[in-house]
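J.: Residue numbers (the working numbering), protein chains in the order written: chain A, 1 to 113; chain B, 1001 to 1113.
Bear in mind the hints are in silico, worked out from the structure with no lab data behind them.
Where hints are given, some of them may not hold.
[Claimed, not checked] With a cut-off of at most 20 Å between alpha-carbon atoms, the simulated SDA-like pairs for lysine to any residue come out as follows:
#, chain 1, residue 1, chain 2, residue 2
1, A, K100, B, M1095
2, A, K100, B, S1065
3, B, K1101, A, I60
4, B, K1101, A, L56
5, B, K1071, B, V1112
6, A, K100, B, V1112
7, B, K1101, A, S52
8, B, K1057, A, L96
9, B, K1070, A, G99
10, B, K1083, B, I1051
11, A, K100, B, E1015
12, A, K100, B, I1051
13, B, K1057, A, S3
14, B, K1071, B, M1095
15, A, K100, B, K1014
16, A, K100, B, G1097
17, A, K49, B, P1085
18, A, K49, A, N68
19, B, K1014, B, P1085
20, B, K1101, B, T1005
21, B, K1083, B, S1065
22, B, K1101, A, S80
23, A, K49, B, R1068
24, A, K100, A, Y32
25, A, K112, B, K1057
26, A, K112, B, Q1017
27, A, K100, B, D1096
28, B, K1101, A, S27
29, B, K1101, A, D105
30, B, K1101, A, E66
31, A, K100, B, D1054
32, B, K1101, A, E88
33, A, K100, B, K1083
34, B, K1057, A, L56
35, A, K100, B, I1060
[Stated by the list, open to error] One-sided and incomplete, this derived list gives chain A residues near chain B with beta-carbon spacing under 10 Å:
#, residue
36, Q6
37, P12
38, P18
39, F34
40, I60
For glycine and all other residues, C-beta sits at the position ideal for the given N, C-alpha and C.
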Amino acid sequence: AQSVTQLDSQVPVFEEAPVELRCNYSSSVSVYLFWYVQYPNQGLQLLLKYLSGSTLVKGINGFEAEFNKSQTSFHLRKPSVHISDTAEYFCAVSALNAGKSTFGDGTTLTVKP
Amino acid sequence: DGGITQSPKYLFRKEGQNVTLSCEQNLNHDAMYWYRQDPGQGLRLIYYSQIVNDFQKGDIAEGYSVSREKKESFPLTVTSAQKNPTAFYLCASSMDGRNEKLFFGSGTQLSVL
Chain A
1 AQSVTQLDSQ VPVFEEAPVE LRCNYSSSVS VYLFWYVQYP NQGLQLLLKY
51 LSGSTLVKGI NGFEAEFNKS QTSFHLRKPS VHISDTAEYF CAVSALNAGK
101 STFGDGTTLT VKP
Chain B
1001 DGGITQSPKY LFRKEGQNVT LSCEQNLNHD AMYWYRQDPG QGLRLIYYSQ
1051 IVNDFQKGDI AEGYSVSREK KESFPLTVTS AQKNPTAFYL CASSMDGRNE
1101 KLFFGSGTQL SVL
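With the sequences and hints as input, model every part of the structure.
T.: Take a look at the structure:
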């Protein structure tokens, strides 16, 4: 079984400031890791994913995440946020060949002017 | 354009009524999924299908049913046995059952009259 914990339910930040959204996971087997973004009343879209290889993963819209196996973490970062980054962010984990993903409860990022 | 189409966008259910949510994809993906989203609770897996004519229960299957008669279609029926159906329902697909990346529809908001 696998689980995901997003450590912050809400993160307020001012425009152009850096941000980090934290995600820890638990699994007894190797996993794929994902960050998705959801804008109001819409479906989710993939920001970035870690499958293997380099632990620093770059995604769309200037986001990046670092896989830390020893700390079982996959934190999402952006050096300078924009108003348009205001959205709900979900961390997800999928055990290799499991056929399904487990999602965290989400983090609401609010960027203020 | 390739993608996932969910309909309707809004749906109302009366007491004791079954309702069906539609999900169609033209991505030629093998696997399809239904998730339920409640405020502050992230996404929970209802059912998933990795191949035509086969599907598996997710974490919260009680009160729901699905079929997968065609590769491109995965309708979800919310039965009268589901006592708390009000939620945002998301359909997703992935290329194969290894679930490396999910593509999401724009969702259906179901409410009880």
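J.: Does each hint fit the structure? Answer for all of them.
T.: Against the structure, the hints come out as follows:
1. Restraint check for K100 of chain A and M1095 of chain B: the C-alpha separation of about 12 Å stays at or below 20 Å, so the hint holds.
2. With a CA separation close to 18 Å, the supplied pair K100 of chain A and S1065 of chain B stays within the 20 Å bound.
3. Pair hint K1101 of chain B plus I60 of chain A holds up; C-alpha atoms about 14 Å apart against a cutoff of 20 Å.
4. As the CA atoms of K1101 of chain B and L56 of chain A are separated by approximately 18 Å, the hinted pair is consistent with the 20 Å bound.
5. Between the alpha carbons of K1071 of chain B and V1112 of chain B the distance comes to roughly 30 Å, so the proposed pair goes past 20 Å and is violated.
6. Between the alpha carbons of K100 of chain A and V1112 of chain B the distance comes to roughly 29 Å, so the proposed pair goes past 20 Å and is violated.
7. This hinted pair checks out: K1101 of chain B and S52 of chain A have alpha carbons roughly 14 Å apart, not beyond 20 Å.
8. For the hint pairing K1057 of chain B with L96 of chain A, the CA-to-CA distance comes to about 19 Å; that is within 20 Å, so the pair holds.
9. Distance restraint check for K1070 of chain B and G99 of chain A: the Cα-Cα separation of roughly 19 Å lies within the 20 Å cut-off, and the hinted pair is therefore satisfied.
10. Note on K1083 of chain B and I1051 of chain B: the hinted pairing is violated, with a Cα-Cα distance of about 29 Å set against a maximum of 20 Å.
11. Distance check on the hinted pair: K100 of chain A and E1015 of chain B sit about 32 Å apart at the alpha-carbon level, beyond 20 Å; violated.
12. Straight-line distance between C-alpha atoms of K100 of chain A and I1051 of chain B comes to about 13 Å, which keeps the hinted pair within the 20 Å bound.
13. With a CA separation close to 18 Å, the supplied pair K1057 of chain B and S3 of chain A stays within the 20 Å bound.
14. Note on K1071 of chain B and M1095 of chain B: the hinted pairing holds, with a Cα-Cα distance of about 12 Å set against a maximum of 20 Å.
15. Under the criterion of a C-alpha separation no larger than 20 Å, the hint pairing K100 of chain A with K1014 of chain B is inconsistent with the structure, at around 32 Å.
16. Note on K100 of chain A and G1097 of chain B: the hinted pairing holds, with a Cα-Cα distance of about 8 Å set against a maximum of 20 Å.
17. Proposed proximity of K49 of chain A and P1085 of chain B is contradicted: the alpha carbons are some 31 Å apart, above 20 Å.
18. Taking the CA atoms of K49 of chain A and N68 of chain A, the gap is about 14 Å. The hint holds against a cut of 20 Å.
19. Taken as a hint, the K1014 of chain B and P1085 of chain B pair is honoured in the structure, with Cα atoms around 11 Å apart against an allowance of 20 Å.
20. Between K1101 of chain B and T1005 of chain B the alpha-carbon distance is near 17 Å, which keeps this suggested pair within the 20 Å criterion.
21. Of the pairs offered as hints, the one joining K1083 of chain B and S1065 of chain B holds, with about 14 Å between alpha carbons and a cut-off of 20 Å not exceeded.
22. A distance of roughly 26 Å separates the Cα atoms of K1101 of chain B and S80 of chain A; the hinted pair therefore is violated under the 20 Å criterion.
23. Under the criterion of a C-alpha separation no larger than 20 Å, the hint pairing K49 of chain A with R1068 of chain B is inconsistent with the structure, at around 28 Å.
24. Annotation: proposed proximity of K100 of chain A to Y32 of chain A holds, straight-line Cα distance about 11 Å (limit 20 Å).
25. At most 20 Å may separate the alpha-carbon atoms for a hinted pair to count; K112 of chain A and K1057 of chain B exceed this at roughly 41 Å.
26. Between K112 of chain A and Q1017 of chain B the alpha-carbon distance is near 44 Å, which puts this suggested pair outside the 20 Å criterion.
27. For the hint pairing K100 of chain A with D1096 of chain B, the CA-to-CA distance comes to about 11 Å; that is within 20 Å, so the pair holds.
28. Our distance criterion of 20 Å between C-alpha atoms is met by K1101 of chain B and S27 of chain A, whose separation comes to about 18 Å.
29. Distance restraint check for K1101 of chain B and D105 of chain A: the Cα-Cα separation of roughly 18 Å lies within the 20 Å cut-off, and the hinted pair is therefore satisfied.
30. Our distance criterion of 20 Å between C-alpha atoms is met by K1101 of chain B and E66 of chain A, whose separation comes to about 18 Å.
31. Straight-line distance between C-alpha atoms of K100 of chain A and D1054 of chain B comes to about 15 Å, which keeps the hinted pair within the 20 Å bound.
32. For a cut-off of 20 Å, the pair hint linking K1101 of chain B to E88 of chain A stands: about 18 Å separates their Cα positions.
33. Simply put, K100 of chain A and K1083 of chain B have alpha-carbon atoms about 25 Å apart, too far for the 20 Å limit, and the pair is violated.
34. At roughly 34 Å between alpha-carbon atoms, K1057 of chain B and L56 of chain A are farther apart than 20 Å, so this suggested pair is violated.
35. A threshold of 20 Å between alpha carbons decides the hint, and for K100 of chain A with I1060 of chain B the separation of about 14 Å falls inside it, so the pair holds.
36. For Q6 of chain A, the suggested interface contact is upheld, since its CB lies about 8 Å from the closest CB of chain B, less than 10 Å.
37. For the restraint placing P12 of chain A at the interface with chain B, the shortest Cβ-Cβ distance is roughly 17 Å, beyond the 10 Å limit, so the hint is violated.
38. Residue-level restraint check for P18 of chain A is violated (minimum Cβ-Cβ distance to chain B is 25 Å; threshold 10 Å).
39. Checking F34 of chain A against chain B: minimum C-beta separation of about 7 Å stays under 10 Å; hint holds.
40. The interface hint given for I60 of chain A is broken, as the beta carbon of that residue sits about 13 Å from the closest beta carbon of chain B, more than 10 Å.
Checked against the numbered hints given earlier, this structure breaks hints 5, 6, 10, 11, 15, 17, 22, 23, 25, 26, 33, 34, 37, 38 and 40; the rest are met.
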